[in-house]
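Asks: Single-letter residue listing:
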Amino acid sequence: MLYDVQIDRLPCFALFDLKGPATDLAAWADVLPAFAKPANTLTRQNGVDLCFTGPDRWILRADIAREDALIAALRPEKAPPEISITRVSDTLTFFRITGPDAAQVMSIGCPLDLHDSAFGPDAVSYSEFFGLKALVMRCEGGFDCAVEQSFGDMVADYLSRATA
Amino acid sequence: MPSNRMDTGGRIDRDRPLNFTFNGRRLQGFAGDTLASALLANRVRLTARSFKYHRPRGIIGAGVEEPSTLVELLGDDASGNRPATTVPLRDGLIAKSVNCWPSPGFDLGAINQLIGRFIPAGFYYKTFKWPGWHLYEPTIRKAAGLAAAPAAPPEQGHFENRFAHCDLLIAGAGPAGLMAASTAGRAGLRVMIADEATEAGGSLLNRRLTIGGTPALGWVKAVVDELATLPNVTHLQNATVWAYREHNYLMVNERAPDNPSLLERNWRVRAGQVICATGAIERMLVFGNNDRPGVMLASAAQTYVNRYGVRPGQRAVVFTNNNSAYAVAADLTAAGITVAAIIDSRTDVPEEARTLVEDVDVLAGHVVTGARGARQVRGVTIAPVDGGASRQITCDLLAHSGGWNPAVHLWSQSRGNLRYDDTLTSFLPDQAAQDATSVGATNGQMTLADALGSGARAGADAAGITMPDIPTSADLIYAVTPLWRVEQGRDKAFLDIQNDVTVDDVHLALREGYDNVEHVKRYTTGGMGIDQGKTGNINIIGTVAMQQGAPLEELGTTTFRSPYTPVSFGAIGGLREDSVVLPYRHTPLTAWNIKNGAFMYESGARWRRPGYFPQPGESFQETVNRECRIVRNGVGVYDGSPLGTFEFKGRDVGRFLDHIYTNIMSTLKPGHGRYGLMLSDDGLIIDDGVALRLSEHRWIVSTSTGHADAMNSHFEELLQTQFPDWNVFVTTVTSQWNNATICGPLARDVMQALGTDIDISPAALPFMGFADGHVAGIPARLVRVSFTGELSFEVNVAPRHLPALWDKIMTAGAPFGIAPIGSEANHVLRVEKGFLSLGHEVDGTVDPYDLGLGWAMSKKKTDYLGKHAVAIRRSGTTNRRELVGILPEPDQMIPEGAPLTPGGERKPTEGLVTACVYSTVHDRWVGLALLENGHSRHGETVRARLKDKVIAARVTPPIHYDAAGERLRS
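Keeping their order, the protein sequence lines are chains A and B.
Oh and the first sequence: position 60 is 60 in this note's numbering, straight run, nothing missing.
Oh and the second sequence: position 19 is 19 in this note's numbering, straight run, nothing missing.
Don't read these hints as lab results, they were simulated from the structure.
Be careful, since some hints might not be right.
Among the chain B residues that face chain A by a calculated CB cut under 8 Å, a handful are [to be verified]:
(1) GLU160
(2) ARG162
(3) TYR584
(4) ARG698
(5) PHE729
(6) PRO799
In silico SDA-like cross-links for lysine to any residue, where the CA-CA straight-line distance does not exceed 20 Å [said to hold, decoys possible]:
(7) B:LYS595 <-> A:LYS78
(8) A:LYS78 <-> B:ARG651
(9) B:LYS669 <-> B:ILE760
If you want the footprint, here are the derived chain A segments under chain B, 3+ residues with CB under 8 Å [unchecked claim]:
(10) 13-27
(11) 102-111
(12) 118-132
(13) 146-156
Ideal placement from N, C-alpha and C gives every residue a C-beta, glycine not left out.
Next up, chain B with everything else stripped away, as it sits in the complex (with noise of 0.2 Å):
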């Protein structure tokens, strides 16, 4: 097979062949090239279809600049969109196209080239638009051809987040970071420097300059061999500085880290100064057909002869407007390609770029119309810059330079301002808006020797040391001559390879209003994508700029944004996923729980509870019926750890409670509990709990599981913003006093049997009531609650004894049928008693009174949190959602969040179902609702409306068990 592989040169192992597939194509390369630099050397030069038009394409860039080759990985590296210019070869890849079907060579998408004209910038914004885009958008979508992401997770490795800290990051590791890093390293500063590039050097990799009178790459080994002999240098390589966030945290993608078990690692830095060193990106020129096969940009063609040893073409012309291709041209011919001419638009071209290329034809004051050939470049076509006579020149490869735009996405990103700079023709980083600054290429010093300086001083500044000395280089001096479009010639010329935005298209949005650069892009989506404008955005504005007349500095640039090159998401989340994917937390009882059978979920505040204990054969709703007839007959015991708990302590603890609960505490003796209702200042419901008071300035407040975090904040924001005077402790205890509660008639018979030393007669002991000693012979309190409305104890030990209580509760309760129950039954149960539950009768909408509790709204209390808020709402007409008990008729479920509505008819909702559960008590279901006026529309039938069809119930007081509280007060 014929090869473009040169015989030498390069930076491959020609010792290590590497076997690779391409849109099924065995072919061969060798360690150290990309994909890219592969199918160049197998003289594969189509290589992909456009996006839009499907047109035939080829490789252009040499990095990350590549707007035109995205491919498809498959097997082991299966991810899709990568640019095949940064696909670094290995044995075995397995690549594909995208945007073609079946293959570049034959695509039928092709189609679109033939109804061009039918579809420019923003048909589809104005086709359509009816019945919705959304209809259209998949077909659209898969017409277009991008790379599907894999259907599996790689079977092997994972991804890694890390946190970092630095004195100074750097992003890049050319010629100017280099320099940066080996002077604020030396001297003592925690650096990182990160590179994108698969080996450190940037620029100096693809060309041929010296450095203190050797090759730079010497220099590149020795800074870089220096820097790994720093413990206070971190050298990342084949790692992006893709995003840069508020307070200098940035995200670098470390793409191949060093251990094996890492696919990839995602580092977040929090960088006390950055150096943006993130070079330059050269832009293309603009003239017809400028996407074909064979059109390179220049500084690519250079990279490919010089970094891979491989030609991209036999006979080149070159197109420039700027000196940079002329050292191309140079490295072109001494790899044995035949330039055919040089294409200045300059008139006037420097001397001491033409002495580089003495025998090459450079013809000034010319531009290149138009580009021959369909599949592959033939050709082009050439004219004088101001018009006159045509004529052709044949090659197979057309290198072109349209001037260099410094990469200053990074920059940008950290909000730093850019400015245009005439003498460059692009914009520069300005005035920065972090602890950053810019250097070498970045910031405008396009010459090696400027380069150097730019990173030891800024190096030096970081440190706060004198500038080191600067090694001597010799470089070509950069001038160039904007050339922001030929104007001859009728084929499309490209200024968005990627994303298939021609010049026409940006004329198109200018004529229908879209004059600024912010509304072009999105009119014609230039910029946009994974191309994120890095080879045509300077060009678009300079389109725009022609157009309008207008100079560029005031058109401004549109907003580059993050990621600067394209992220796996796996990196983005790091560890997170399969089982910690989402937070959860444990019981001492969970292992228990699972051993013993129970269906486990999350149940608020990532607890993940016990929902029911199915036994063989029981149906769902059998086990909740058994669990609920268990604890309403007999006894059952379930795991109430999560409860919120907060010890309190302090003089001012009274007033603080009387602050945040509607009903008085200060009142209560200690031994003794009171329930209450805490409400937000606009007098909404947002939490109830029972308060127990320990000692005179010590107290035990409990809250609902779900809300304990929110508590604790609410507490510490009252007294650390509006009573920070007050004498007032709050210490989280929720995980210090986890409680096994029994409950049910038999409750007391449980808790003789297991022993105490505590007087649990309903004398000593009463409903809310509370003691400390021991249970089972471990410390414990007791605590007489009721969440089920049954006689309860609730039993609070240390954690680490809530294994050995809960054994002892099982065998101790054995005789007496006990069971444990799940969060399912508990809801049963506080559903048939008309307990309120957060989330869902306590919606965010309601007040004490609305759910029938006006009773602890304190009448004596002259102000505490909510309640004025509560009196200015009820001091007005509107109609409250109020609590009540429905009873379905027919006998059946109403699904939890129905909607009531006015005799069931599609009419503004009067309330809303909240519950409905199966009683055992009653046998039939029964539930809860927020009901317009619902105090007094007891006995009136109301109607759920669902989908399908309408259920109506009976409006009933809420509780529907042991009204006067009997039980519960056993």
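Isolated chain A, as found in the complex (with noise of 0.2 Å):
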């Protein structure tokens, strides 16, 4: 491998899309994270990131193993009309691109700039990977990559011709 990173394909993390005021949100479910006040940062409370993604959305990231007790705590289906929890945990995989030349394998497929300067270690944000949508985020020593799904083999067939 001619670039120096570590490319992972993570297993699938308990995931809900949450739509809504983040006032609604947070009064609805106290088991969430501080909500961030500036647009594409997540805060991180107990394994649990909150990812400030657009206008009134939030993605909701832990381990898989704690899915069944986000569902209890945030009760998507009795939730009320102004808000809207979702499960989307398998709508997602990641990728984990570690390293010192993650950043420059990121530069591959993903348009985001994705300099300290302009993307800290609070950032997340929608963007592009390979043409694809993907959510990125950082974790240490590198980024995650979260495309849909269906496209998981396609994005890790890129990143084997990538670091070829």
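Hints given; two lone chains; assemble the complex.
Replies: Shown next as structure tokens:
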């Protein structure tokens, strides 16, 4: 491998798509981390990431082992109409790209400016990865990048070619 | 072998000889050479033939401006039409000339020189019109002789595309660019500097100048070394900024990335600011036979002696209209070349120029009227500029300079304006269209001091800091008097060497009324192709101006287009080749499908799905027939994962669905589903699907697989533009709910064998009903919908559970003879049932009434999307194409899309066949068609008109199977 990176296709996360005003979401579910103020940033609390991805739009991420507990806490089917909580754990496939050349490999597929000065440690954003809609965030030593699950094999194919 | 190589000097490594082959001759050069410098060192003067006339040609330039010697590289370097001046020499390089056969020395195409007067510019536009240009094009292309694309991709390595961002992109690492980079880099800006040459320095590599009292290349090295220490600076060499797009988006082609697995890399750079430091390109003088081998740009001759230690000739004549050629003459003399004379068209030569060459004879007020020699220049004819007696001077090198054209290509691509400068007699950057500026020679600052100063100023301005100190430098003042052409002499005088465009060609274009420079370009091809007007553009404009008596500023320039220099298709495509040339999507069952012998292909929205599961010895049709019989008579299962699925949430979902569907959805009770159609605002069907009401405010909406993304955009556009206050949230859950659909009369038996806590009796779970629970112990949503016309259970589970569910279905279904079925069988089954399919019956022209689905058009709702458009359209008298069934007579297949014409005659069509399949139920071919007034034509015979025959078909109702729908409701 000529880029000094490690690429891992991560197992499924517990993911929830949250929509609605932050105040209503916070009032409904007290398990949520504090809502980030700046757009395209995330907050973390007790192993749960809350990603602010757009106006009144959030992605909650946690280990898959916590999925049932989060469903119980979030009660998607009972949530009031002012908010929407949808389990989307299976919809995204995450790739973790770490190592000294992680940013270089990311730059092959992602048009986002991932420089430290533009994409800080708590940054998160939808962007593209090899032409696909992708959720991009930092992780220790690199980046997590998620694409629609059905494109997972294709992105793995791309990454294999990029680092061959 | 005699050599033109100097014993010392140049930036080559004489300890590293490199062997190469040119036109079959084995030759040797050194590391640091280009193919061109190595050829000149080996005294190879005749290196090419011209594009059209096949005139003998040599090397004219020393860089990207080279218009003449294009070569084809073979072997590992395989590529076509590369200027020899830009090909770094390497051991084992194999190159051959283009535009000639069998060789530049003996070229059969040279016969064109004898008929040259019959093939002026534009002759092919007039000559090859009948029966059509494309009849002649292949032969003419072959005769032109440019190299073909390599037959196969490189065996090793790959191309890469990557994105980059910077505060400041600097195009060019000459003195101005380096100064700007150094200034902005020290100030902390994120700087990217890219330069087309293999090493930094720009013109300083070719000239003998000083900065700060020491050789300028020492300053270059110091700056480059400093840039390498700045983590905020990315410095690329052998990397051309080849395109300038909108919003400061630029393309950089890096030809030798430091990653050994890469062939080339293309950078897509989004820059905050851009500095164009692209230098200037010397223009040719226009005189008779100015294309002979040995006639060379003066700056190129200077480059060969100073940078490559090569004497391009032994006895030179320098022809100029400006000061810069005097420094060239001085350098040629210093290199041991005899400069027989400097021919200067100006009557007054500045003293500072003369003092550089005190021992050389300067003939002011003279011009070269023509070059002598065919395969190599052997002398020149000179005469006073205003006419008079001519005389000849013997030489083997004619170094000429018509002045300098700022390289405004990138600036022009950015849509920045150009202005004509009388002093420089060329076009300069004027008003910027984007956040860009130009510096150095690009901006008309032609001396080294001005270049350094302008670079520093631009770098400081970009960083918002004060101007740094500028090192001292000495350079000859640039002064030029335009000489657009030498009017004496009868030989061909070329304006565009690469495209073989002469002064006479431009005159012809003007005579024929093509008097705009853009029209002249198209008529003559001057400035087109690889050259993009680098050496000839301004001379063409000058020639037009002379002929029309108009000032150049009124004529303007032609458009400079990207790429500035040729770029490999591979570099543009990057990784996107082979298996990833097109996007593809897999379901969790893809591996199972492949393992079990499925024939896979894309079937909409990039999903790769199993088309059919052939068994040993089966033909395609036998396989599809078997799979159909399994579903009609027993039980089959298919992977329905790609179905578009959305969760809707909110207080206003009901009325939103009432708006987008033709029928009423808001009256649905929780736990029930309803099929519906969606129309565009012009009343045509855009999709169909099922809406399930989970609870008061939660719904699941399914769309067709192929239109899922488009429908998502449709929903969001409506909500964000027309109903921003409505309380509706839409979440895509296509990949959260995958399904295995069990279908066939034995489907309920298989469900019971699987085990479920859901009551699946017809009463508890009727057609269009759904329920949440467990199937085979897996959390599932069971939906009673059918796309095959049979009893069906759509078992929806999370994708992570689908492989396990599938295995359990295959196990539980084995006693019932269950088998997987593919898209082909599904297609047959839905055609038998008369179900519509987007892309077939829904072809962008039909409304629900046309398809016999008028029942789905609500009469109760006052409005919904497309309602009025349908009403308006149907209030007219135009015949509608309506869905019918067809039975081919005699029994045979009719291709999909076959036109139906009255009587099968060559007349306007009255419809088309949308599908035709072999029905195992009826043991014959059945089909669907859209036919004018089809609903009232059941029983008629229509005819499909094919290329070689006409096939009759009887018109029937569109439902060929279970018209009452008893089976799917069972």
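Asks: Would you check chain B against the region 102-111 of chain A, counting CB to CB pairs closer than 8 Å, and say if three or more residues qualify?
Replies: It holds: at least three residues are needed, and the region 102-111 of chain A offers 5 whose Cβ sits within less than 8 Å of chain B.
Asks: Holds or violated: ARG162 (chain B) as interface residue toward chain A, Cβ cutoff 8 Å?
Replies: holds (5 Å)
Asks: For the pair supplied as a hint, LYS669 (chain B) and ILE760 (chain B), confirm whether the alpha-carbon distance does not exceed 20 Å.
Replies: holds (19 Å)
Asks: Is the hint on TYR584 (chain B) kept, meaning its closest Cβ partner in chain A is under 8 Å away?
Replies: holds (5 Å)
Asks: According to a criterion of three or more residues whose C-beta lies within less than 8 Å of a C-beta of chain B, is the region 13-27 of chain A covered?
Replies: holds (count 3)
Asks: Going by Cβ atoms only, is ARG698 (chain B) closer than 8 Å to chain A?
Replies: Given a least distance of 7 Å, the restraint on ARG698 (chain B) holds.
Asks: Go through the hint on PHE729 (chain B) and say holds or violated, using the shortest Cβ distance to chain A against 8 Å.
Replies: At 4 Å from the nearest chain A Cβ, PHE729 (chain B) passes the 8 Å test, so the hint holds.
Asks: Between the alpha carbons of LYS595 (chain B) and LYS78 (chain A), is the straight-line distance 20 Å or under?
Replies: This hinted pair is violated, its Cα atoms lying about 42 Å apart.
Asks: Against chain A, is GLU160 (chain B) within 8 Å by beta-carbon distance?
Replies: Cβ of GLU160 (chain B) sits 6 Å from chain A, so the hint holds.
Asks: Going straight from one Cα to the other, do LYS78 (chain A) and ARG651 (chain B) come out at no more than 20 Å?
Replies: holds (13 Å)
Asks: Check whether three or more residues of the region 146-156 of chain A sit with their beta carbon closer than 8 Å to a beta carbon of chain B.
Replies: holds (count 7)
Asks: Given a cut of 8 Å on the nearest C-beta pair, is the interface hint for PRO799 (chain B) held or broken against chain A?
Replies: Where the cut-off is 8 Å and the nearest Cβ of chain A is about 4 Å from PRO799 (chain B), the hint holds.
This entry does not satisfy hint 7, going by the numbered hints stated previously; all others are met.
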